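Trainee: Quick mapping for you: the protein sequence lines, in order, are chains E and B.
For the first sequence, my numbering assigns the number -14 to the initial residue and increments by one for each residue that follows.
For the second sequence, my numbering assigns the number 852 to the initial residue and increments by one for each residue that follows.
Careful: at least some of the hints might be erroneous.
Covered stretches of chain B, as calculated for chain E (at least 3 residues, CB under 8 Å) [unchecked claim]:
{"id": "1", "stretch": "1165 to 1177"}
{"id": "2", "stretch": "1263 to 1276"}
{"id": "3", "stretch": "1510 to 1522"}
{"id": "4", "stretch": "1540 to 1551"}
{"id": "5", "stretch": "1669 to 1678"}
Hints listed in this document are in silico derivations from the structure and should not be mistaken for laboratory results.
Bear in mind that the values here come from a model prediction, so they are computed numbers and not experimental data.
Cβ atoms here follow ideal geometry from the backbone N, Cα and C, with glycine treated the same way.
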Amino acid sequence: MKKYTLPIICLICCYSCSGELDQYSHGAISPEAVTEKDIPAVRNGMYSCVQNAPSEPSYIMFDMLGGVLTTGTGNAKDLINSTLSPLNSYIVSSWNGYFNALYQVNNMLTISDRFPYSETGQLARGEAYYFRAYIYYCLVTRWGGVPILRQNTLEKVSRNSENEVWAFIEEDIENALSILGSTSTFYLVSADAALALKARVKLSQGKMQEAADIAEGLITSGGYKLDNFEKIFRKTMNSEIIFAFENLTEESSINISDLFYTYGHPNKGQGTYKPTPEVIALFVDQDNRKSISLVNVAGTECINKYPSGQTGTDPLIISRIAEMYLISAEAKGRTAGVSRLNDLRKFRGLGEIYPSTDDAYLTAILEERKRELMGENFMYYDLVRTGRAKVELGLLDYQMVLPIPGKELQLNPNLEPNPGY
Amino acid sequence: MKSFKYYNQIFTFFFAFLLYTTAIHARANPPYSFDIENESLEKAIEKIQNETGHIFFYYDGIIDPNLKVTLKTKNLTLSQTLDRLFASTNNGYRLEGQQIFIFRRNDEKSNAMPQQQIRKITIKGTVVDENNLSVVGANIVEKETTNSTTTNVDGHFTLNNVTPGAIITISYIGFSGQAIVARENEEYHIRLEEESKTMDEIVIIGYGTQRRSLVTSAISKLTIDESTSRQVANPSQLLNGRIAGVTTFTGSGNLGSGERMSVRGMASISAGNEPLYVIDGVPITNDSGNLFNFGETMSSLATLNTSDIESIEILKDAASAAIYGSRATNGVIVITTKSGKEGRSDIQINVSTGFSKFPDIGKIKLADSELYIKDYNAGIDNYNKQYGLSIGDSGYKIHISNPFGNLPDTDWMDLITQTGTMFNIDASFSGGTKKTKYYIGTNYSTTEGIIVNNKMDKVNLKAKVSHELTPWLEVGTNNSGNYTKNFQVPGADLGSTVIGRAIEQRPFDRPYKPNGEYYIGGTDELTRHNIVQILNEQDAYLENFRFLGSYYAMLKYKDKLSWKYSFSADVNYTYDYTYYNENHPYGMGNGRLIDQSRLIKNFISENVINYNDKFKDFSLSATLGHSFQKVTNRNAQVDGRGFPSSSFDVNSVASEILGSTSMGVYAMESYFGRATLSYLDRYILTGTFRGDGSSKFAKDKRWGWFPSLSLGWNISNEKFMEGRDTEIKFRASYGKTGNQGGIGRYDYQALMAGGYNYMGNSGIAVSSFGNKELTWETADQYDLGFDITLFKGKVNMMIDVYQKNTKDLLYSMPIQATSGVTSIMSNIGTMRNRGLEFTINTHFTFGKFEWLSQFNIATNKNKITSLIDETAPISIGSNRALKVGEEMGAYYIFEMEGIYQYDGEVPKEQYDIGIRAGDVKWKDVDENGIINDNDRVMKGSANPDFFGGWNNTFRYKNLQFDVFLTYICGNDIYAPWMSVVTHAGYHMAKLKEYAENAWTGPGSTNTYPRSMAGDVNNIRNSDCWLKDGSFIRLRTLTLGYNFPNKIIEPIGLKGLRVYCQVDNLFLLTKYPGWDPEISNSLDPRFIGVDKWTVPQPRTFMIGANINF
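With these hints in hand, go ahead and build the complete structure from the sequences.
Mentor: Okay, structure coming up:
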């Protein structure tokens, strides 16, 4: 009997154990297993990734580099110098994050291809085009020409030219517009969101007439009108916002408020970044944006647009109608545009102005953008695209774009570095 | 080599003892002729007693005095004779050794003979050694009883209440044991021979044991005794410096901090570099002991009771470890706990108490307020001057002054440190007979750390029983329940890191406002978090419950074949509680409670068949087995925010609750075997194999096969070596081991993971690309070794040289982010570890003075030999890279060339971004004027050149003095803390050295940069912060005294030892920080980084070991 013991044991055990070696995740499925039923979930996943993947600093990168923010040293230049390095972890996390978000967006497009008759699939497709345009807008304004990826790839890709990227963005926006319609909430992507992005893209390329037309179209559409900061930045229904990420606390890893409030504020925050004295000085008392834009916490001025501190997270506004006023004002030029600028200023409690030169007009526009859009990720690129960054921020010639992360360059020799870094 | 010896001694003794008892039986059982006719039964008994030497015991009156018996036998054994004799009576008998008990048939057999009825005798004698010197403290034990004594100063002993004819054993550490038969009125003169053979030590090998002389692989053994025990939470720390080729340290000096153990270097990048831990045959899990990241990894081994440990074996090479196959690349740590010993009954109580202090707290010298302000303002002046700013200009910086006038500076370190007290008591009850052995142990300890609030309580219970029901069936169980509660303080990787948030404050900063409120950190009033507030307003503890249990049944056939089935469970429940109340900076306004728990179930079912046989001069032992292991983890987290007040501390009252749970399963099935064939103990051949199937790999990549082969040659058993007092063994081995630790449970699978929700709707997204090709990482290991014993064991040495080639390294390979991810788990590259280990143990006696010494030294050289096709460094973390031809653990940093003395020396590209004379000149590798990623160089390494330890034991009569030194040489420590406190203009403390010597003009210094407000150039990750971490540490100093028997015997004790011990009394090192033997990260790629890590405490302790 004994000599049979081992084979018997082995048999028993093989029988009982062999299946146990196939273990599958309890919190995930295989991508091949995605069915039409899963499309809404994939779509939510896309929103979640585009919102979260680029990481916190990418939502204030243009404020960090735009002379709006400073760290403990009290000087914007110090923050700019320490950030603009190929080794900087925020540069790295932004780059990695945008491409991760792009991956999920392209994946959404691939999956919607597989289920052409799914209604949600088609809607998600429109949203995916919008997101891809949005992501590439973020990429091109930071790094210049970047690789255009229509599908996901593991290849070591080379960079496309800046113009090719702009053209690609416009193509995607058109694709998005052909699908998208209106939405029940500004936390979802609508056709108007795509239009707002389109206006910004046109302005960035200096296509002023088109930019002005689109912006005006949105202003006069009746769907949006200027609203109070108390509503816009305090999670209240408002008529301003065209598109924002809802950024719910339990779904988010983006807490901008934490970076702005200090631990002296009741809601607490790390207080990593503070507004520069120059920015604080822009706000006069009658400006009704002031109390929501800035708050004095135990002697330190903090940006007040994101109110949650460490108690939660706040929506991340991508487009709102005030930006359209400013785009329209800028794109139409001094004589035709100044009334839009004054519309906005009056609504915000300021008086009308009539700059006498185009240069002074642009200065006024940029100042107004600083006041209106402070902490909303605009300033650096505004100064770069208007050619004022070098003088106003004291940047060097090569600092008009961000460095491509050193690690990425090492891993992909086909990628040209941005010169100077 | 006291520890080796001790063991050796015990086992030799048992061996001898077995032989002895067998001999007695042989003598008792020769065929025997008996002849009696019509005599009384009593007479017959007397006759047998006289003729055989056996002694009969019985109650008066149970033998019928009128009964006459007649019996004639020829060549029957004694039992057969007795069977016949009692067949016609009302009596039965029981034969035990030299004693025969008679009882009435209808009596309960086992209770037939109340002991008090037996006539007891007293035996006396003297024990001497080979030189006729009396042996003090030798153990005299009556076999199978608890009756024992020890010899006095003159070597005399008197043992009362001895059953006549009982076997008395005499033993003493370092000598061969002896046994005698108790007879009345005999004065025993016993001469013990010094034990010289080390080859008869029994060594625990995978799934079995083996005599040392048959071991053909590199196994080191540490016996835990008076010389080697230390007050540590974590069993791995007992090995610190003890074993050649083994390095071990904890992440910090905080209680229960996670351990890093490396056996023969690091053989893997990320597939796990921790050895496999096997406790009493059960491979345990070793997930980190904490769930919430409180700034450092905690140890899950710290839950175990170190006082239960009898010995730790380290299976270092493939030949020894390959039987554990897949998890053996990094060696196997086999922990054996104490068991009951046959013939003993012991109560052992150990008590100790003491205190610990922060060592050399004043070592790091910072600028005081005056110097700080002077230096800071110099930086402001430099800034204003450089940018041409004057008062009123935008960006003009103004001088600072001490906001508190002449108030004294705050000693922040004093506010966070304490003298931690400790108390430890453990008691064990153990004993056994030939058939049954038991051990019951308990332990309670409470220890305070050197940081305020750090405290750990520990309770352990253990019961171990084995019983031989029949000659062919043995069953047993071994259970332990372990519990720790660890009140944590924030570790060095947390924003509220204890030392960092104390020492980095400006010298004049204060914790409390005049009105008693806290100054809030992160504001202009206080730069860093207020550590006093942090420690006061948080409540963080970690509870770990661990059950280790194993149950077995063993079927035996003679001594040749056995089949053991065992079922083992290692169940670990962790509860991690972190409460930040509303006043805590992390309290999220109204308080935050993170409540996490985890259950790890690790079940193992195992069948092992052992076969031993002898054929003429050959002996064979073979093992064959199957095991199945399944590990299930379940985690739950509830994160509540918003509490009515700080006295509410459960999540049910939180205004906002975020929760999540997760689960993961991992299973492994294995077949294994081993065969050892030896010829006259002279030539030994051992082969092992193991096949492992892991659920972490795709079906067709799942199985890994891990064979090994080793040869041993006991040269001293050759004829030409006969009669010499030297033993030499040569060993050679090759084997293959595997690795799959460290990687995710589902890494081979592409996954769409849940949890990517938006607007409250559930979402999924691709979280991993998977890699179907993923398979075992394997290592080919070669080992050559010599075991040499000289001068009858006075000197013995162990020399090993090895090479470990790892291939198919499992690594989360970084890939370009444009792919959508930044890394993919892959099998890439190869790595080599090569090294030499040497251990020498000596034992010399000079009259009554004894000196034992154990010295070990080892070196290991790690080299990455290939990484796909990368020749450029793969940058990992912020200061390391992996590069072919370099070590893993090598730094990848900027190199300081000096200080620019004149503005004209500064390249234009750097001048443009504000670099001037007085700033650091970095090596510009590509000579383009720009300092960027391409200018980093591979420099230095966290790996030591050589390391080891040296223990010296001095004994004089009953006094024992142990001095244990450990050392590491040639390791570089990266000290980012220095970059914080040398940095000008960031409102943080500054090192006195840097503030005093800052560059002020050409020629002033080439080391210390100028003070410059807002500097971003001078604190790069560079060799400025790379420091030599070599050290010699006085690990322990122990003075113990064993009370002589004549004092303790009258009060009923078998042994009493009192001792005092100092741990970490001094540290000789050039490292400017507190402790070079700690590391923020336990990941081998990133070890050797000190970010204000709490150093190992200096501990003073007194204690007593009491044995009843």
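Trainee: Tell me the hint numbers this structure goes against, listed in increasing order.
Mentor: 1 and 2
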